[in-house]
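Trainee: Starting from the structure of chain A, add chain B where the hints point.
Residue numbers (UniProt numbering), protein chains in the order written: chain A, 1 to 182; chain B, 1 to 195.
One thing to keep in mind: the hints can contain errors.
Far from chain A by the CB rule (all over 12 angstroms, computed), these chain B residues [stated by the list, open to error]:
hint	residue
1	GLY84
2	LYS136
3	HIS143
4	LEU182
One-sided and incomplete, this derived list gives chain B residues near chain A with beta-carbon spacing under 7 angstroms [stated by the list, open to error]:
hint	residue
5	ALA15
6	GLY18
7	SER35
8	ARG60
9	GLY64
10	GLY69
11	ALA71
12	THR112
13	TRP130
14	LEU133
15	ALA135
16	VAL141
Just so you know, the hints here were simulated from the structure itself, not pulled from any lab data. Because the structure is a prediction, the values reported are computed rather than measured. A virtual CB, placed ideally from N, CA and C, is assigned to each residue, including glycine.
Residues per chain, in single letters:
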Amino acid sequence: MRRVLFTFLVGLVGAALLHIVIVLSLPQFTGRDAYTRILGLLEMDSFFALSAEPGPTGLDNSDPFLRTAVCSFSIADAPARFIARGAVPFWSLSIFDSGSNEVFSMNDQTAVNGDLDLVVATPIQLVELRKAPPEALAQSIMIEMKDDEGYAVLRALAPLNSFEEQVRDFLTESSCAPFRRQ
Amino acid sequence: MFRVPLLVALALVVAFVGGMTSAVWALKATIGFGSIAIGPWVAFPEAQTVAADPYAKAHRARAGELLYGSAEGLRFTAATDDSGARLSAACSYDISGITPPARFWTLYAATTGGATLRPGTEIPSAINSWVVLRAKDSSFVIHASPAAQPDNWLAIRHTGNFQLVLTLLDTPTAGSSGLIDLAMPKIVKTGCGNA
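Just chain A, with the same shape it has in the complex (with noise of 0.2 angstroms):
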């Protein structure tokens, strides 16, 4: 009896063990997290404008009132550039690197004007680009992201159905794309 019972205890320090390896392991090799989602959707360097209903990756908008577009970047050649203009009462953007960890976010308010223009680059790019500073990135916020890939989530707010129009004009006017010297 005794021996059973010591297996049990052995059995639940296994349990215990195995738990702790699960949810520790589990970010690497779910196959559905968001970075992947995004990547399924095979767009690079451009936003994607998510639809009501969920696609075949299983994104959508969730929010009624906002309308959301993703975009996939990788900075290893060159920085990312991200630019959106337009009139909509609230836009967000977020940055995250491919283990969905958030870099960045900012929203209308926290812009220049209440554009967006922002420049995503390695710590090397970075220092390139503050040494001669290019004409073109005078107004950009620049950011520094350590990991060479991640997506970023471009959301705008529709509070009314007569916002619809604006709204779609802003995501589709937006760009997602690298950042190169003339």
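Mentor: Frame of chain A, contents of chain B only:
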């Protein structure tokens, strides 16, 4: 003579079954630690950051949702009313009071799994801070009900349980949780069935 292999097998079965079911259960039951709860409303202001605990990271990797950045907003969900009873789609609820300071907020109903309820455009299934009707002191009462209601009606077309999602956009609540006095709307059941 098979005692030792039997005991080893028992230990292995306990370890694997226990480890896997407890991990799955833990990830289903909670989004992680570090929540702020105000009445029935629960939010996770750090779930999207690198500082999130391992449970929150595992949960967000399984759910694959686009989380709000700290400058974007904070999403509160409520699965129960103020008395602690689960929200049932057969009942009517009054959501009354004020929200914490925010530039904008939206309120809608979702399934317990988190999918937005979209009953159609002809009935009001979501309310925001621009369209809500308020009292003189800027407080509001929203009637979440399957039957049509006067004033602010949040139509619920669902069977079983549901949850309410209140998103505060551009709110200081997201950055300084706990430092300011937060007041969230109360959720009170007003009746069930067609009565």
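Trainee: Are all beta-carbon distances from B:LYS136 to chain A longer than 12 angstroms?
Mentor: holds, 22 angstroms
Trainee: Per the CB criterion, is B:LEU133 less than 7 angstroms away from chain A?
Mentor: Because about 15 angstroms separates B:LEU133 from the closest Cβ in chain A, which is outside the 7 angstroms limit, the hint is violated.
Trainee: Was the hint right that B:THR112 lines chain A, CB cutoff 7 angstroms?
Mentor: Not OK, violated: B:THR112 not within 7 angstroms of chain A, min 14 angstroms.
Trainee: B:ALA135 was flagged as interface toward chain A. Is the shortest Cβ-Cβ separation under 7 angstroms?
Mentor: Violated: closest Cβ of chain A sits about 20 angstroms from B:ALA135, beyond 7 angstroms.
Trainee: Checking a non-interface call: every C-beta of chain A should be farther than 12 angstroms from the C-beta of B:LEU182. Is that right?
Mentor: holds, 20 angstroms
Trainee: B:GLY69 was flagged as interface toward chain A. Is the shortest Cβ-Cβ separation under 7 angstroms?
Mentor: With Cβ-Cβ at 3 angstroms, under 7 angstroms, it holds.
Trainee: For the restraint on B:VAL141, tell me whether the closest CB of chain A is nearer than 7 angstroms.
Mentor: violated, 20 angstroms
Trainee: Hold the hint about B:GLY18 up to the distance rule: shortest CB distance to chain A must be less than 7 angstroms.
Mentor: The hint holds - B:GLY18 has a Cβ within 7 angstroms of chain A, the shortest such distance being about 3 angstroms.
Trainee: Hey, is B:GLY84 genuinely clear of chain A, shortest beta carbon separation above 12 angstroms?
Mentor: The claim holds: B:GLY84 sits with its nearest Cβ about 26 angstroms from chain A, beyond 12 angstroms.
Trainee: Should the interface hint for B:ALA71 be scored as holding, given a Cβ-Cβ cut-off of 7 angstroms against chain A?
Mentor: holds, 4 angstroms
Trainee: Per the CB criterion, is B:ARG60 less than 7 angstroms away from chain A?
Mentor: holds, 6 angstroms
Trainee: With a cut-off of 7 angstroms, does the beta carbon of B:ALA15 approach a beta carbon of chain A closely enough for the hint to hold?
Mentor: Where the cut-off is 7 angstroms and the nearest Cβ of chain A is about 3 angstroms from B:ALA15, the hint holds.
When each numbered hint is compared with the structure, violations occur for hints 7, 12, 14, 15, 16.
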